[in-house]
Every structure is written in C-alpha cells, then in structure tokens.
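Residue numbers (the numbering used here), protein chains in the order written: chain A, 1 to 407; chain B, 1001 to 1264.
Just so you know, these hints were derived from the structure itself, not from any lab. From a predicted model like this one, the values you see are computed outputs, not experimental measurements. Each statement offered as a hint is correct.
DSSO-like, lysine-lysine: derived pairs with alpha carbons at most 30 Å apart: (1) B:LYS1193 - B:LYS1162; (2) B:LYS1145 - B:LYS1112; (3) B:LYS1083 - A:LYS283; (4) A:LYS283 - B:LYS1201; (5) B:LYS1159 - B:LYS1201; (6) B:LYS1178 - B:LYS1162; (7) B:LYS1145 - A:LYS27; (8) B:LYS1032 - B:LYS1159; (9) B:LYS1185 - B:LYS1162; (10) B:LYS1201 - B:LYS1187; (11) B:LYS1083 - B:LYS1187; (12) B:LYS1054 - B:LYS1162; (13) B:LYS1112 - B:LYS1187; (14) B:LYS1032 - B:LYS1185; (15) A:LYS283 - B:LYS1096; (16) A:LYS27 - B:LYS1054; (17) B:LYS1096 - B:LYS1162; (18) B:LYS1081 - A:LYS283.
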Amino acid sequence: MSKLGYAWIGFLLIVVMLGIYGIITIKFIGVEESPIPWNLLIVAYVFLAIASTGLCVISVAGNVYRLRGYKVVAERAAFLAIITMLCAYIPLLVHIGHVGRMYHFVTSPNLYSSMWWMGFLYTLYLLFEAAEFWFLIRFNVVKLSQEATGIKRTIYRVISLGSRDLSEESLKRDAKFARLMGFIALFAALSAHFTLGTIFARLESRALWYGSFMPFHFILSAIRLGIATILLTTIVSYWITKKEMKMEIKEFFTGHLRRLFAFLIAFSLIYYAWLISQSVLHKETYFFWHLLIAGPYARDFWLFQIVIGKIIPLAILLHPSAGRSLRGLFTASLLFIVGSFVLRYQWIVVAQTLPLMALREGLITYTPSVPEILVVSGTFALLALIYTIGIRLLPLEKWYVVTKAVK
Amino acid sequence: MKISRRNFIKGALATAVSLSFSSQAWAEESEKRFAILFNGFNCVGCEICQLACKKRNRLPENFETILSPRTYVYVSAGVRKGKEVRVRYSCMHCGKAPCLEACPVRAIRRSKSGFVYIDQRHCIGCQYCIVACHYGVPKFDPENKVSSKCHGCFDIVEKGKKPACVEACPWNALDFGKRDEIIEKAKNIAKKKDGYVYGIKEAGGLGVIYVLPVDAEELGIFPRVRKEESIYPADFIYEAILVVLMPIVGYYAVKEYLVAEEEE
Chain A
1 MSKLGYAWIG
11 FLLIVVMLGI
21 YGIITIKFIG
31 VEESPIPWNL
41 LIVAYVFLAI
51 ASTGLCVISV
61 AGNVYRLRGY
71 KVVAERAAFL
81 AIITMLCAYI
91 PLLVHIGHVG
101 RMYHFVTSPN
111 LYSSMWWMGF
121 LYTLYLLFEA
131 AEFWFLIRFN
141 VVKLSQEATG
151 IKRTIYRVIS
161 LGSRDLSEES
171 LKRDAKFARL
181 MGFIALFAAL
191 SAHFTLGTIF
201 ARLESRALWY
211 GSFMPFHFIL
221 SAIRLGIATI
231 LLTTIVSYWI
241 TKKEMKMEIK
251 EFFTGHLRRL
261 FAFLIAFSLI
271 YYAWLISQSV
281 LHKETYFFWH
291 LLIAGPYARD
301 FWLFQIVIGK
311 IIPLAILLHP
321 SAGRSLRGLF
331 TASLLFIVGS
341 FVLRYQWIVV
351 AQTLPLMALR
361 EGLITYTPSV
371 PEILVVSGTF
381 ALLALIYTIG
391 IRLLPLEKWY
401 VVTKAVK
Chain B
1001 MKISRRNFIK
1011 GALATAVSLS
1021 FSSQAWAEES
1031 EKRFAILFNG
1041 FNCVGCEICQ
1051 LACKKRNRLP
1061 ENFETILSPR
1071 TYVYVSAGVR
1081 KGKEVRVRYS
1091 CMHCGKAPCL
1101 EACPVRAIRR
1111 SKSGFVYIDQ
1121 RHCIGCQYCI
1131 VACHYGVPKF
1141 DPENKVSSKC
1151 HGCFDIVEKG
1161 KKPACVEACP
1171 WNALDFGKRD
1181 EIIEKAKNIA
1191 KKKDGYVYGI
1201 KEAGGLGVIY
1211 VLPVDAEELG
1221 IFPRVRKEES
1231 IYPADFIYEA
1241 ILVVLMPIVG
1251 YYAVKEYLVA
1261 EEEE
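Could you put the whole structure together from the sequences, leaning on the hints where they help?
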C-alpha cells in the first residue's frame, strides 16, 4: 500500500475514534435534549438504508435477473449493500434510548406498528443479502485461501466458513443458491423499504411526509442512490488501485447506467414539480413547501437539493463528452449523493419544525449537536474503512467464474 | 393437517382484516369510555391543575407553559378574534390513537377506562410515538430515556375516583365522567354560552372534550385532524400513473439487455 493509502486509513480511523467519543457522550455522559424527536442520527439511518436497498436492487439485477452489465457489479453491490445496512444500524441504535430493551421486539410485538415490521424485514433482508454475497464469493475465497499464507489464510478460512470444495458441482450449486438468496433478499429489501416509507407516510400529523405515494417514491430514490453509490465506489476503487477499468464495466457505466441514472433524476424533478403543485390544494402541506421554497430553508433547498443534487448531475450525464468520461460520472454521482443527503435531512427535519399544539406562533429551530455530527461522520468513515479493506481482501470482480458455471 | 397455499393466504388476509378493524373498535365502544371536560368559559388559567398533576406524579413543582417530560398538563392563554381563549393542553386520549399504533413494542396501552398510557419500564425510547402524535403530546425524557405523557390517572379512575387535575380545579372548569354524558354536558354549555365543542369525532373521538369560545380548529389552536377515514384523490392518480408507467419503463429499460443475454 502506498503512503497515501496509509494516510487515508489513518484519517478514517481518527474519524471513527471521534465517532466512538460521540457515542460515549450521547449514551453515558448525556447531551442536551434535541428540540425535535428525530434528529441527524435518524437522517443518517434513513439515508444509509435507502442506499442499501438500491444497492441490493442492482446486485439482484445482475445476479438473479442476469442483466448484462449489472452482472459485472453484482458482487460489489451486494458487499456494499451489506456494509451500508450494518453501518445504518449504528446511528439508529445510538438514537434509541434503551437498546437493552430491544428484546421486546420479539417478546411483545405490535403488529400494527410499521416500525416493528421495518425492524423485522430489515433483519430478514440483511440475512439473505449476506447469504447471497457469501454464495457469490465462496468459490474465489476458497481459491484465495489456498494461495494465501499467514493471517490472510486464516481470514479467508473464516470467511469461507470452513468450506474447501472447489469442484465444478459446488460452483453450480453456489450459483443456484446465490440466485435464490438474492431473490428473497430483493423481496425483503423492497418490502422493508416500503415499510420504511410507510413509517413516515402514515403520519397524518406531519403533512410533508403524509401521502400514500411516499413509499413508492422511497423505492425510486433507493434505486437512484444505489446507482450513484455503485458508480462512485467502483470508479474510486479503480483509481486508488491504479488499475485500468475493464471495458465491460466502462461500457455499462457510460451507456446503460448513465442513461437510467439521468432518466431517474429527470423523473425526480418532475415528481418535485408535481408534489409542489398539488400541495397548493392542502393548506398544511403547502405550509411546509413554502418553508422550503421561499422560507428559511430556501437557500439550502435550491442550492443543494435542486442545483447540486439534480440539475448539475443531470447536465453532466447528458453532456456528450463529460457524461461518457469516468471523471464526469464520478462528479455527477458525488454531487447527487451530497444533494440527496441534504434532501433527506431537510425532509425529515422540516416536517418536525411545526409545534403541533400551541397558542404561540413560531417554528422550532434545530441545529445538529456536535456529538450527533461526530457519530454520523464516524459512521460514514467506518463505512469507507470497511470498503477500503474489503476491496483489497475480497474477490469483488470475479463474476465470470460463477456466472459461467450456470451455462 | 396440511394447509394449502390458498387457504394460508385466505387465513392471512382474514387475520389482517380483523386486526385492522379491531384497532378501530375503541372508537365505537364509547359507552365504556370516560372523558374529561374542559370548559374554556370557566377557566381562569390559575394552573392549579398543573400543580395537582405534578404532586400526584411526583414531578418537580415548577410551572411550565409547554408540555415536557416534567409537565403533563398546562393551560395556555391567547387572544383569538378579539376573545380571550384559554386552552388546557395535555394528552387527548384519542379513540384511534396514532401513538398506540406506532409503538413497536406495545409499551403504549389503553386502560379499561379508555385512557392511553405509557409503560415506561417497557419503552425502548425510539420516539416514534412522539413523531406520530396528532397533537405533539408525548415528550422524550432525556434522563430516563423514555417517552412520557399524561396517563389520565387511569389507575385511580378505575377505582372510581377522578383524575388529579379534575379533582383540584376550583373554578369548575374541569369535569369528569362517562364520555357520552360529558359530550351531552359540553353541548349544553356550548348552546347556552354560544361556544364551540371540540373532540367529539376527531381521531376516533377524544378522551378530552373541549368547550371553547372560538372554533379551535379553524383558528389553528389545534391541528387539523381528520374526522373520518378518507384519502386524498391525488394520491390515487399518482399511484395509478406509477402502476401503469413503471412496468412499461422498466421493460424498455432492460429490453435490450434481456435479448443480449440470450444471444451470449
């Protein structure tokens, strides 16, 4: 590894340490009460859960539905989906007051609660997604474990769960099981994500969230964010390993995936226009949109959500030369990810700023506290750290070995 | 016994339907319910109800004019349409309570008297009830890391007593009884003094009935809560577009790749 690589890992470790400090502050030392119930921690959880679902969809499109192109990123997407979901739990568990009482989810479930269903379905999703990923990489991990020595060998042995089978038969069985697990994982991911949307969408008192279309929109934004994440991470990992990107991947990225990404961003712009125009009919909903369009949140809304998050990426993707270069795709997906984090932040925070029952006027103002920011940035750093180690250790681009076996 | 797939699906659907109806059963079982009456014409805003509540619940006895983990009830005053309005704020004990449905671990329950309470030893502190409430009533207690709110003194109500705030009010602004009787009383007062009644149908019928000199919902004193189950038609239009459009778009998005796969 180069000096820059060590510096990068060192930097990530420091941010993770700061995140742990943030967790200790929130959990044990105690912080000032947040003026809104669902704060930055929940924003980060929802954002990461959305990304994870999108990555699962991409992975399954390649692995189960065998769409050409998607196959080349199937393993990477599955790996990212698992680590993103695992990291998503960190801010969620920090936010929950009594993690020790979580066993009540099993002992006294409330089947009316969308939150209970979300917990159940995301656990299911994580298990099946992990199984899919394991079947996708097992063969290559066993191969690597025979080639490697020392600690690496032990790590590969642990990942392969003791399996040493390298026969043709086992490869076929792997491919079959990976497809089955992937299919169940997709089903669980979509239902879990629909339920996450429902958690917000069924709340009549929060007009900005309310509406039966919200869960559908959640799934669309998941696919958008999944595409952006896979573009960003794949391009970055080729840059840092200083390898030439395979033609197959490059063609897929600059062709199909670019067009789909551009279409979905354009669709979201239309959706916004529709959402704002129909909000005029409802006084309560319009109140919130007015805050976003022309109120105190207008600057961040227009700058981050619309210009940085949608218009610039769309322009880059549609540009004949910039859209076909990796640099252009990287910039577009990075800007889109920044924009969609701000979108999630504003969407969750603004809906809670209206005091529901008070004779007084005035909005609740919320700025994230320092420990919250530390925990969230620590979570993202941990995610980057696991990914950095993962791309060096795991066989993330050996799709041809497994998929060839099916024929 | 073997269960065929069709029977399983039938059974699952029947269970889901019966579950979804039973959640609304409380709204109809009104004869068992109790309610608190707030008479805005009599209230002077002395906050003795707040004091009594804090004594009963062993909370720190400092006055607050906002609901908090240490204040379950308070009276707020303001001027609306040239009339002085006083409103008692506390849990409304909705007939179809969103907090009750939201809590993932059933820490929020309904007592026999119809009042909704939080079992704080059971609460995991996810704050979904706080977000879900129509009226923003439950508050997060950062010390104990649980939600807290008015419980309608359900324990002493079941023994035939009145809630602490009602018992303490010296101005006859609060009353307590069977919900049907309380609604009758509220309507009579409103008729006599030309006031407005709030809480009969909102959110499955509230456990606190208000008589106020102004229309509270119209003036934004209370948030607008729908009285019947209804869905905005605009939602359906969007869903219909999605349901029709998405498979078509999806098919064209992957068509060339499906064909290419077979050729390989």
